[in-house]
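Numbering (the working numbering), first residue to last: 99 to 355.
Do not rely on the hints blindly, as some may be mistaken.
With a straight-line Cα cutoff of 25 Å, these simulated DMTMM-like cross-link-like pairs (lysine to aspartate or glutamate) come out [to be verified]: (1) 298 <-> 355; (2) 181 <-> 234; (3) 225 <-> 271; (4) 354 <-> 329; (5) 288 <-> 234; (6) 181 <-> 197; (7) 354 <-> 318; (8) 181 <-> 325; (9) 354 <-> 280; (10) 298 <-> 141.
Hints in this document: simulated from the structure, not taken from any laboratory.
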Amino acid sequence: MPILVSDDAADINTSRVRLPTRETSRGRTLVIGDMHGCSTALDLILGELQPGRDDNLVTLGDYVDRGPDTRGVIDRLLELEQKTQLIPLLGNHEILMLDARNRLVDSDSWYGVGGRQTMQSYGCVDKPDWNAIPQEHWDFLSQRLRRWHATSTHIFAHANLNAMLPMPDQSDDWLFWRRFDDSHPHFSGKILICGHTAQKNGLPRVLPGRICIDTWAYGEGWLTALDVGTETFVQASQRGEVRRLSFEEVRVLNEKE
Numbered sequence: 099m100p101i102l103v104s105d106d107a108a109d110i111n112t113s114r115v116r117l118p119t120r121e122t123s124r125g126r127t128l129v130i131g132d133m134h135g136c137s138t139a140l141d142l143i144l145g146e147l148q149p150g151r152d153d154n155l156v157t158l159g160d161y162v163d164r165g166p167d168t169r170g171v172i173d174r175l176l177e178l179e180q181k182t183q184l185i186p187l188l189g190n191h192e193i194l195m196l197d198a199r200n201r202l203v204d205s206d207s208w209y210g211v212g213g214r215q216t217m218q219s220y221g222c223v224d225k226p227d228w229n230a231i232p233q234e235h236w237d238f239l240s241q242r243l244r245r246w247h248a249t250s251t252h253i254f255a256h257a258n259l260n261a262m263l264p265m266p267d268q269s270d271d272w273l274f275w276r277r278f279d280d281s282h283p284h285f286s287g288k289i290l291i292c293g294h295t296a297q298k299n300g301l302p303r304v305l306p307g308r309i310c311i312d313t314w315a316y317g318e319g320w321l322t323a324l325d326v327g328t329e330t331f332v333q334a335s336q337r338g339e340v341r342r343l344s345f346e347e348v349r350v351l352n353e354k355e
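Build out the structure end to end from the sequences listed, making use of the hints.
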């Protein structure tokens, strides 16, 4: 299978190395939103999707913090690298975790936004022990996460984007920290699929040219995946529930809120 360089590989960031994406056009394009340590919901989603070797699986970042099993989530992602064409994006919580490890932010600040739960999943209770985290997990978090990804029809980013700028010119503030809103679609005409802004009603938010699939997995909501080709949402909860929703069903349910 040929190795293709993804759009984001040209956007050089010396602090985080991004490898070429092994993208294939033969399979499905699947997207999973913010996991936040919710390995139970992730396992249910993967059981429903059954991603294969020819599928492109984009994950939107925020694998760590808040939920109970960050370690399990990272283990699943490492397994997926061997089974499918995984395209893992960077989220703001990975940035915070890496910055805490590199002493760019105080560890207490990271603990306050979910870092405590992350370290507990590695067996640490009172304070971070960075050596408790396997090196292969650090390698994944620090070397293999991309700032964004694009296809001929869609743009994938953790948080948001500036609708007027080409993707290589997007700032970290837009890609990792800005909240989802109803601003204009990207000038390219491509549809943005993102996470970051938790939809606490448990429903994806579908707007013209913009879709947010962070549906509060670590809270009382759902982990959401999207099959881009069929426009079908697959959701699973930490409570063991699974459901499928079409774009039209999501629209109707949101109107009832």
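Verification of the hints:
no., hint, in the structure
1, 298 <-> 355, "holds (11 Å)"
2, 181 <-> 234, "holds (17 Å)"
3, 225 <-> 271, "violated (29 Å)"
4, 354 <-> 329, "holds (21 Å)"
5, 288 <-> 234, "violated (34 Å)"
6, 181 <-> 197, "violated (30 Å)"
7, 354 <-> 318, "holds (19 Å)"
8, 181 <-> 325, "holds (18 Å)"
9, 354 <-> 280, "holds (19 Å)"
10, 298 <-> 141, "holds (21 Å)"
Hint compliance for this structure: hints 3, 5, 6 are not met, and every other hint is.
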